[in-house]
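Number of protein chains: 4
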Amino acid sequence: MIVILVKNVTDGQMDQVLARIAEAHLTSHISKGEETTVIGVVGAHLPPDLPDAIERLPGVSRIMRISKSYKLPSREFKPSNTVVEVGDVRIGDGGLVVMAGPCSIESREQLLATALAVKKAGAQVLRGGAFKPRTSPYSFRGMGEEGLKILADVGAETDLKVVTEVMTIDQVELVAQYADILQIGTRNMQNYQLLEEVGRIDRPCVLKRGMSATIEEWLLSAEYIMGKGNKQVILCERGIRTFETATRNTLDLSSLPVVKRMSHLPVICDPSHATGKWYLVPPMSLAALGAGADGLLIEVHPDPDHALCDGAQSLTLENFSTLMDKLVAMMDLMNRP
Amino acid sequence: MIVILVKNVTDGQMDQVLARIAEAHLTSHISKGEETTVIGVVGAHLPPDLPDAIERLPGVSRIMRISKSYKLPSREFKPSNTVVEVGDVRIGDGGLVVMAGPCSIESREQLLATALAVKKAGAQVLRGGAFKPRTSPYSFRGMGEEGLKILADVGAETDLKVVTEVMTIDQVELVAQYADILQIGTRNMQNYQLLEEVGRIDRPCVLKRGMSATIEEWLLSAEYIMGKGNKQVILCERGIRTFETATRNTLDLSSLPVVKRMSHLPVICDPSHATGKWYLVPPMSLAALGAGADGLLIEVHPDPDHALCDGAQSLTLENFSTLMDKLVAMMDLMNRP
Amino acid sequence: MIVILVKNVTDGQMDQVLARIAEAHLTSHISKGEETTVIGVVGAHLPPDLPDAIERLPGVSRIMRISKSYKLPSREFKPSNTVVEVGDVRIGDGGLVVMAGPCSIESREQLLATALAVKKAGAQVLRGGAFKPRTSPYSFRGMGEEGLKILADVGAETDLKVVTEVMTIDQVELVAQYADILQIGTRNMQNYQLLEEVGRIDRPCVLKRGMSATIEEWLLSAEYIMGKGNKQVILCERGIRTFETATRNTLDLSSLPVVKRMSHLPVICDPSHATGKWYLVPPMSLAALGAGADGLLIEVHPDPDHALCDGAQSLTLENFSTLMDKLVAMMDLMNRP
Amino acid sequence: MIVILVKNVTDGQMDQVLARIAEAHLTSHISKGEETTVIGVVGAHLPPDLPDAIERLPGVSRIMRISKSYKLPSREFKPSNTVVEVGDVRIGDGGLVVMAGPCSIESREQLLATALAVKKAGAQVLRGGAFKPRTSPYSFRGMGEEGLKILADVGAETDLKVVTEVMTIDQVELVAQYADILQIGTRNMQNYQLLEEVGRIDRPCVLKRGMSATIEEWLLSAEYIMGKGNKQVILCERGIRTFETATRNTLDLSSLPVVKRMSHLPVICDPSHATGKWYLVPPMSLAALGAGADGLLIEVHPDPDHALCDGAQSLTLENFSTLMDKLVAMMDLMNRP
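One line per chain: the protein sequences are A, B, C and D, in this order.
When we follow the numbering used here, the leftmost residue of the first sequence carries the number 1099, and every step to the right adds one.
When we follow the numbering used here, the leftmost residue of the second sequence carries the number 1099, and every step to the right adds one.
When we follow the numbering used here, the leftmost residue of the third sequence carries the number 1099, and every step to the right adds one.
When we follow the numbering used here, the leftmost residue of the fourth sequence carries the number 1099, and every step to the right adds one.
Since the hints were made in silico from the structure, they are not lab data.
Mixed in with the good hints there might be a few duds.
Copies of one chain are not kept apart here, so a pair can be met inside one copy or by any two copies together.
[Stated by the list, open to error] Derived pair list, reagent style SDA-like, types lysine to any residue, alpha-carbon separation capped at 20 Å:
{"id": "1", "residue 1": "Lys1130", "residue 2": "Ala1219"}
{"id": "2", "residue 1": "Lys1326", "residue 2": "Leu1148"}
{"id": "3", "residue 1": "Lys1424", "residue 2": "Ile1164"}
{"id": "4", "residue 1": "Lys1326", "residue 2": "Arg1160"}
{"id": "5", "residue 1": "Lys1169", "residue 2": "Gly1110"}
{"id": "6", "residue 1": "Lys1130", "residue 2": "Met1162"}
{"id": "7", "residue 1": "Lys1169", "residue 2": "Glu1133"}
{"id": "8", "residue 1": "Lys1424", "residue 2": "Gly1193"}
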């Protein structure tokens, strides 16, 4: 932590600041410039709320934090890439893992048709929602446990791993009975009790970025999960909220190489929810691969015009297959498996 | 819903769109302009996911939704202002209700000292957190039920109503045993199961705006609560996330008169969390009153330099008292009680 | 400037950083913590592009700038409030100066009717656009010099000072012949040549905040004007661009007390352009006064339904008069003249 | 335009709205739903300010615009892609044109070294700033005409086309004497007089997106240029301002396929300014290509540690060459020339 003092700080004010730092068992290094005096604060453990407390002392202009606030997801803590393994599917080892399927599970027929098609096209994981967070209470909110059963069943039948969203603490155990990978949605990225509950089980977890979360906050949410023991976290960029309304959200693809630099965790991308338009999914999938994604989460529906959820952003089975051909060719080029 | 067709739409494409609308038991009104043809869609019940489905049909340029997606919080549904009553405290009747207290309950002494001071200065409700959502897992996260007991106890002793945050479904019943008003925090504004659980009890509820939520989404979250029976919702503006970093968030005071126009619910303002700086709380409190706030939620701490949480944004007891004098005078002026 | 080094920085890397700092005639203070080593950089003059250059050196994690990048508008440079005087109108002396009038000057009749009414209601300055920046080239773009003549004429007749926008370098001299106060619009806040040209004349200037400008960038734009000699800068908050679409922009009223703390310049508020809705102008005007505004810039039109520009946000003469009564009462209360 | 009326609109109010529409020589189509009544407004020419005027009439809830506000850049106006030709360089014909060079021209030696290297690596256009817009007046602001001469000279010597920024109306003629392509920077995207001046000359023009501009506003700025006769507009995505601070701006790559759908103009991408970090330029260049960019604008400097401008985001000559190899291979894959 760096404490920047006001230009005309008095000796008394500076003493008070130094005393408050000493009280927290930290060491101060003063450096006086012509314009500003700053105090470098060093020590084994910085109490998280100390900067706030010091910022309000008289004579203090502002505080700058230096240490990263997250630890377990950081590359400094673990320099080598984490590879999350789900059976023989490996996420983060340089390959591209495609997770595809409908927004909501609507019936066994719908899911099976989708699963067979995405498997044939090269997807390794089947996605499908059984519990759906919806902005309006009047939208379709998923089939619940019945949907989970269909998902597990279809996954087994087609030999695809399955991923689905968990929304509440009490669903964690239930969902983990059926799903190979749990997903925490954008609206729950800072639902800390849910993060910790998922941290207590031994199951890979896709952590979607909150739509107004900074990259640092996203990694702090990963810390909540990892701090309880579950290290199999897969980060998922899915767009942030900005002033632009031509797309549902603004896909922040720069976050991919930024996260790769700051963290050892794999990071995938969901172009379907980010853009909200099916015709933007293929170019943004290729773009995500260019930016270094370890995987893609793509909505596919056999009959998007009649989807109960997010029809506008779902690819048809045929469009998905065409996209997969391009992705495979691009992977070859990038010397990725 | 209005369907806007592309300029060169074919008859076949238009027929397909009309068929899809008819299939949903809705009526189409076509109007052809020189540049564009639009279809007005009318009917008793618009399926929430139909616009998405139609948007992807060939020949469709885009969809515009016309009906408001929320109903119970809307002024069209209930034209007169809702007044939420908590004993003899009335929120939304033209007066200004001030809710003040520390970010976190730290001890009986701390809370009692604060309560006595804010009561004397004119506050009617005591706030204090027992369960704290924190961006970092290493920050102080509240005293839990022990804190709730202190809160209820100090509230009774000082004859102040008390408000505190509830973070999970299973805390709802517990918190409701101790608190007069429940609070749903900004990170939980779209935690739909929690909203519904709070909707099932008979207790007033402060619903904070999500930091990236539009006003419409905020009212849809109120709909989740009200749809389960609890109509005592108090909306609370607490700042939105923008590019400006001089303040923690950007307090969107325009939302107050906008909400008053769109909804019958009372709306209060939290200048402490919005700005993150104690010296911005007094001017922004006066500003909120000017914008029409029904109440204020203000952080006050007897010794902010040693607060375990959010010290930088807490007023001292003395600063709070000075602010209250100004607020009272301003209320007189505005002919508000 | 603080240079934060990576955890495993080598001695060679650190030497290279220290050499680069010395090369710029600056002094380094090293402080080593358990987690991080930081270098405090001190000296008479920090080259503005040095931080960027150092940030890319091997072993450097990131750079933090400490000194404020602006000087002339800062309170450290000039602690006492600047009062801008326009004849007997004083902006920044604790009073509230209201500048009112139509978005565009449309005719002598329109402007005179407005001027007489706003003068009667208590406004001290008449606003009116002769050169209008419009997002679409097909919108009405102002009467040009003919409008300026009408403005000066009506100002003289009604004994009101006049303010109008200047959009290009070659208009500066022309506009200064007619107007008492020049205005630089939001889209031109970073049109540096225009800022400097206005800096060369002796005429007060309203500098609107760019709709995506931080407060620091806004003050840097003031620096461009002041650096050329013109110290009579009046800052004007007019809303920033955010994700919220219920209002045209988001009025950032917190910027008023923030600017007052950082700068000695007067700061006014334009609730008309910020909100884009006439019915939001009265509450947001009162809010701006609560937040500490030195003045207001309000659009008023005798017949807003037929305005050639921004009709939706203009007050009628009657609504303006009602608002002024409330503002005067509130000023009394706040013990402001 | 669609006019949405309030639920309880009176006949008198509706008559007033209809009269105001008729007064503008437009036709109304009324459709009454159970919840809402809407009026479709049709006609040859919608006055740009009419929607604002109608929105404030009693009984009107809100207005929705339907027609696109821009015409010349739209695909509806010109369905086939525009190819901008600069000698034998063709931008927009399916290939990828790389424009590379230093942020600022600092000397003939610096520019020539860069030009030779980028040419060898495969760039077709040399970029270099002679007039630099800088947030701070104390930053290096370019060599001016001297720099232009160097640019033209080095371009001729290396047989590279050259592009450079023009900041003011009076620079247009001067810059056009030296440069093959003019560039309008992000801060000037809504400097309408400058746009029109560039519209009057016969020279290709790169129009950077304003950092808070929507895609629609960007196309409207293109309309300003094209409306004066110059149809050779190249759009350039360079990041928008959001809450995320890990990158300088947020590169909105989705804008590329969105623009391609809405407009016939070529669109290129500037990953250097968008991210502000040299190590993000290679992945975001590949991503831009995946998203469909017609070209890239990349900062390259022979000695970035000593660059007078934007050193942190410039690639070294060696890094640039490595990136170009990857881009060429990816182009092959995508079957682009």
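Here's how the hints hold up against the structure:
1. Within a single copy, Lys1130 and Ala1219 get their C-alpha atoms no closer than 64 Å, and across copies no closer than 42 Å, so neither meets the 20 Å cut-off.
2. Taking CA atoms no more than 20 Å apart as the test, Lys1326 paired with Leu1148 passes in neither setting, with 25 Å inside one copy and 42 Å between copies.
3. Taking CA atoms no more than 20 Å apart as the test, Lys1424 paired with Ile1164 passes in neither setting, with 43 Å inside one copy and 36 Å between copies.
4. For a Cα distance limit of 20 Å, the shortest separation of Lys1326 from Arg1160 qualifies neither inside one copy, at 34 Å, nor across copies, at 30 Å.
5. For a Cα distance limit of 20 Å, the shortest separation of Lys1169 from Gly1110 qualifies neither inside one copy, at 36 Å, nor across copies, at 27 Å.
6. In this assembly of identical chains, Lys1130 and Met1162 lie within 20 Å of each other by CA distance both inside one copy and across copies; the values are 16 Å within and 16 Å between.
7. Proximity of Lys1169 and Glu1133 under a CA criterion of 20 Å is satisfied inter-copy only: 11 Å between copies versus 34 Å inside one chain copy.
8. In this assembly of identical chains, Lys1424 and Gly1193 lie within 20 Å of each other by CA distance both inside one copy and across copies; the values are 15 Å within and 18 Å between.
When the structure is compared with the earlier hints, violations turn up for hints 1, 2, 3, 4, 5 and for no others.
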